[in-house]
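Engineer: Order-wise, the sequence lines are chains A and B. Residue numbers 1 to 308, in this note's numbering, belong to the letters of the first sequence in order. Residue numbers 1 to 316, in this note's numbering, belong to the letters of the second sequence in order.
Hints are computed from structural coordinates only; laboratory data are not their basis. Do not rely on the hints blindly, as some may be mistaken.
Said to hold, decoys possible - Some chain B residues well away from chain A (every beta-carbon gap over 10 Å; in silico):
| id | residue |
| --- | --- |
| 1 | Trp11 |
| 2 | Asn23 |
| 3 | Tyr61 |
| 4 | Ser63 |
| 5 | Arg69 |
| 6 | Asp133 |
| 7 | Ser210 |
| 8 | Lys223 |
| 9 | Lys231 |
Claimed, not checked - Label pairs and their calculated CB-CB ranges:
| id | chain 1 | residue 1 | chain 2 | residue 2 | range |
| --- | --- | --- | --- | --- | --- |
| 10 | B | Tyr13 | A | Tyr72 | 51 to 59 Å |
| 11 | A | Tyr83 | B | Glu128 | 53 to 61 Å |
| 12 | A | Lys308 | B | Tyr143 | 36 to 44 Å |
| 13 | A | Lys209 | B | Glu3 | 35 to 43 Å |
| 14 | B | Pro17 | A | Leu80 | 57 to 65 Å |
| 15 | B | Leu158 | A | Tyr16 | 26 to 34 Å |
| 16 | A | Pro71 | B | Lys231 | 35 to 43 Å |
The structure displayed is predicted, hence computed values, not measured ones. Quick reminder that beta carbons are idealized off the backbone N, C-alpha and C, glycines included.
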Amino acid sequence: MATLDNDYLKYPERSYGMDHDRYDWAMLHDRKPITWPNGKKIALWVNVSLQFFPINQQGIPFKVPGGMTKPYPDLRHYSLRDYGNRVGVYRFFKALDQFNITPTFAINTRLAERYPYLLGTVKERGNEILCHGYHMDKLHYGGQDIAEEQELVKRSLDTLRELSDQDIKGWISPAKNESKNTPDILAANGITYFSDWVNDDMPYEFKTKNGNLTAMPLATELDDFFIILNNLHSAEDWAHQIEDAFEFLLKETETSGGRLLSLNIHPWVLGQPHRIKYLEQVLEKLSNHNAVWPASASDILDVWKAQK
Amino acid sequence: MKEDPEYYDYWPYENRPKIQWPNGAKIAFWVAPNIEFYELNPPNNPYRKPWPQSNPALPGYTSRDWGNRVGHVRQMNLLEKYGIRGSISLSTALCDHHPEIIELCKERHWEFFSHGIYNTRYTYGMTEAQERDMIKDSIETIYKHTGQKCAGYLAPALSHSENTLDLFAEVGTELFGDEAGYYSCDLFHDDQPTPIHLKSGKKFVSIPYSLEMNDTIAYLVQKTTPRRYGKELMDNFDRLYTEGAESGTIMCIPTHNYQVSNAHRIKAYEEALEYITGHPDVWVTTGKEIAQYFMDNYYDTVLADIETKNKKYGNA
Numbered sequence: 001m002a003t004l005d006n007d008y009l010k011y012p013e014r015s016y017g018m019d020h021d022r023y024d025w026a027m028l029h030d031r032k033p034i035t036w037p038n039g040k041k042i043a044l045w046v047n048v049s050l051q052f053f054p055i056n057q058q059g060i061p062f063k064v065p066g067g068m069t070k071p072y073p074d075l076r077h078y079s080l081r082d083y084g085n086r087v088g089v090y091r092f093f094k095a096l097d098q099f100n101i102t103p104t105f106a107i108n109t110r111l112a113e114r115y116p117y118l119l120g121t122v123k124e125r126g127n128e129i130l131c132h133g134y135h136m137d138k139l140h141y142g143g144q145d146i147a148e149e150q151e152l153v154k155r156s157l158d159t160l161r162e163l164s165d166q167d168i169k170g171w172i173s174p175a176k177n178e179s180k181n182t183p184d185i186l187a188a189n190g191i192t193y194f195s196d197w198v199n200d201d202m203p204y205e206f207k208t209k210n211g212n213l214t215a216m217p218l219a220t221e222l223d224d225f226f227i228i229l230n231n232l233h234s235a236e237d238w239a240h241q242i243e244d245a246f247e248f249l250l251k252e253t254e255t256s257g258g259r260l261l262s263l264n265i266h267p268w269v270l271g272q273p274h275r276i277k278y279l280e281q282v283l284e285k286l287s288n289h290n291a292v293w294p295a296s297a298s299d300i301l302d303v304w305k306a307q308k
Numbered sequence: 001m002k003e004d005p006e007y008y009d010y011w012p013y014e015n016r017p018k019i020q021w022p023n024g025a026k027i028a029f030w031v032a033p034n035i036e037f038y039e040l041n042p043p044n045n046p047y048r049k050p051w052p053q054s055n056p057a058l059p060g061y062t063s064r065d066w067g068n069r070v071g072h073v074r075q076m077n078l079l080e081k082y083g084i085r086g087s088i089s090l091s092t093a094l095c096d097h098h099p100e101i102i103e104l105c106k107e108r109h110w111e112f113f114s115h116g117i118y119n120t121r122y123t124y125g126m127t128e129a130q131e132r133d134m135i136k137d138s139i140e141t142i143y144k145h146t147g148q149k150c151a152g153y154l155a156p157a158l159s160h161s162e163n164t165l166d167l168f169a170e171v172g173t174e175l176f177g178d179e180a181g182y183y184s185c186d187l188f189h190d191d192q193p194t195p196i197h198l199k200s201g202k203k204f205v206s207i208p209y210s211l212e213m214n215d216t217i218a219y220l221v222q223k224t225t226p227r228r229y230g231k232e233l234m235d236n237f238d239r240l241y242t243e244g245a246e247s248g249t250i251m252c253i254p255t256h257n258y259q260v261s262n263a264h265r266i267k268a269y270e271e272a273l274e275y276i277t278g279h280p281d282v283w284v285t286t287g288k289e290i291a292q293y294f295m296d297n298y299y300d301t302v303l304a305d306i307e308t309k310n311k312k313y314g315n316a
């Protein structure tokens, strides 16, 4: 067995706080409590991720989770993802409106270019739009050339801002994957909050070379894709997990400040006919509860910023 | 390389001497929260890749950081509610990074045992001297920050060498004599403690630390639903509790704050803890207390029984 260099037993970052300088170490438990408007206990952020998975996937530097897995042309994965943008999302719109949920939409810029009708519908609804990168096969990744990534972020944001008529402050990288430079590049391009780091249940300040961003939690653990297609649980199990999470967070607010329940949902997952009922049940239960404040990410962050 | 690690002898699970835990308890129940620090950019190890993505590997790193920032207090409050002191499998660098967590656990008289320095530094490829240094650093760090003489070991990320258990026991003796380095959580061959053969002949036991009940195995490998995991914990307990009437058993729930403390999972965990601690003949304890009690009361009896059983049909 090859042996290790003695440097393997050196620990240059072994000191107080984090092993990097992006944010300060702070336990949620020690932070100042936050109060949501009108005495609400749980801010509910429902984000719909609208995604384009190109069939000519390059997979640089890896195949994006949820992307093509078969040799070209992988019609089955391409079309099943496209189902969400043609059919599933219209079920989502109805469900969200039926239960008075204010969603946000994180859109791949390439999808906004390809489907003006869908973008127009979202614009007309007046909901906040976040940029979800260019498309699902344009990953941001460790080792990526910085000029290439700068161009990618700029193109994604410039185009989406122009097409959407919104100034676009929020960002979610495809697969929540980043390079070391991504936060710096986002801050330089007018992004104020992003949701790639899933290390907290409440927003926190994130340092970049170009000013601070806010890290806005968007739970991967409650994501429909993660629970249903990664963990292989049923949609009913997804609903149980959301209900259990909600009840626990609500109970936690008895001894802490307000909490955030963030649900990232995909029309190609929960928008299927056999699954949509469970999304509707969850939205109904949450919207009927008087402790819940359904709000956009920006509205939640405005309240948080005023009190932090 | 050997065919068998040679740590223990065959010991059939029938007609064993009756172990009785304190106050006639049938089962010793302990919870082992792994309190870990995973590095964002650890050095490369040729035998195991710390993260699937190139630096920065956000999915894994950020979820584990969540465990320390958010999850720890949630699980700690829950264990306190049910009168359980955690036996912490500790990435000992966490004493430097997050001393607040160490203080909270100290105040609650939890046990600290060594789980290496970081969970992103593997034993694979270490020379004997390097592994000895790493283990010594971890035991000294625990003593410096908590005043505890480390009794137990679980190798970082379950990465072992052929020397691991010997080195842990020897370093424990070197630093604190018989008061440190006498039990291991690295072996999964039994539901009762087992005397372990070491080169030094030191009295040393394996204490069951169940991989099957480990939340990370349940959630990441088996991809169990939270409610199903809660049910499995209760099923595991029911069987061991019944069998414990014949000879005392051990149930361990090894946890990770980044798994079990998630809002959608903690309720199912709480239901299991409430169920288990609600039974009368349960000794709610720590890894170290089980190891001590076994060594003081049953170690020799068990050794004799193992010898008798192995003679019954002739030695292999």
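Engineer: All hints are to be evaluated individually against the structure, with a verdict given for each.
Structural biologist: Here is what the structure says about each hint:
1. Under the 10 Å C-beta cut-off, the non-interface status given to Trp11 (chain B) relative to chain A holds; the minimum distance is some 31 Å.
2. Under the 10 Å C-beta cut-off, the non-interface status given to Asn23 (chain B) relative to chain A holds; the minimum distance is some 33 Å.
3. Against chain A, the non-interface label of Tyr61 (chain B) is violated: not every CB pair exceeds 10 Å, the least being about 8 Å.
4. For Ser63 (chain B), the condition that its CB be more than 10 Å from all CB atoms of chain A is violated, with the nearest at approximately 6 Å.
5. Taking the minimum C-beta to C-beta distance to chain A, about 6 Å, the non-interface status of Arg69 (chain B) is violated against the 10 Å cut.
6. At roughly 6 Å, the least C-beta separation between Asp133 (chain B) and chain A is not larger than 10 Å, which violates its mark as non-interface.
7. The claim that Ser210 (chain B) is not at the interface with chain A holds, since no C-beta of that chain comes within 10 Å of its own (minimum 21 Å).
8. Its beta-carbon lying about 4 Å from the closest one in chain A, Lys223 (chain B) breaks the requirement of being farther than 10 Å from that chain.
9. The beta carbon of Lys231 (chain B) is kept farther than 10 Å from every beta carbon of chain A, the shortest such distance being approximately 13 Å.
10. Distance hint check: the CB atoms of Tyr13 (chain B) and Tyr72 (chain A) are about 55 Å apart, consistent with the given range 51 to 59 Å.
11. Checked against the given bound of 53 to 61 Å, the beta carbons of Tyr83 (chain A) and Glu128 (chain B), roughly 58 Å apart, stay inside it.
12. Between Lys308 (chain A) and Tyr143 (chain B) the CB atoms are about 39 Å apart, so this pair conforms to the stated range of 36 to 44 Å.
13. The given range of 35 to 43 Å is broken by Lys209 (chain A) and Glu3 (chain B), whose C-beta atoms sit roughly 56 Å from each other.
14. At about 60 Å, the beta-carbon gap between Pro17 (chain B) and Leu80 (chain A) stays in the expected band of 57 to 65 Å.
15. In this structure the hint that Leu158 (chain B) and Tyr16 (chain A) lie 26 to 34 Å apart at CB holds, the actual value being about 28 Å.
16. For the hinted restraint 35 to 43 Å between Pro71 (chain A) and Lys231 (chain B), the CB-CB distance of approximately 41 Å keeps it satisfied.
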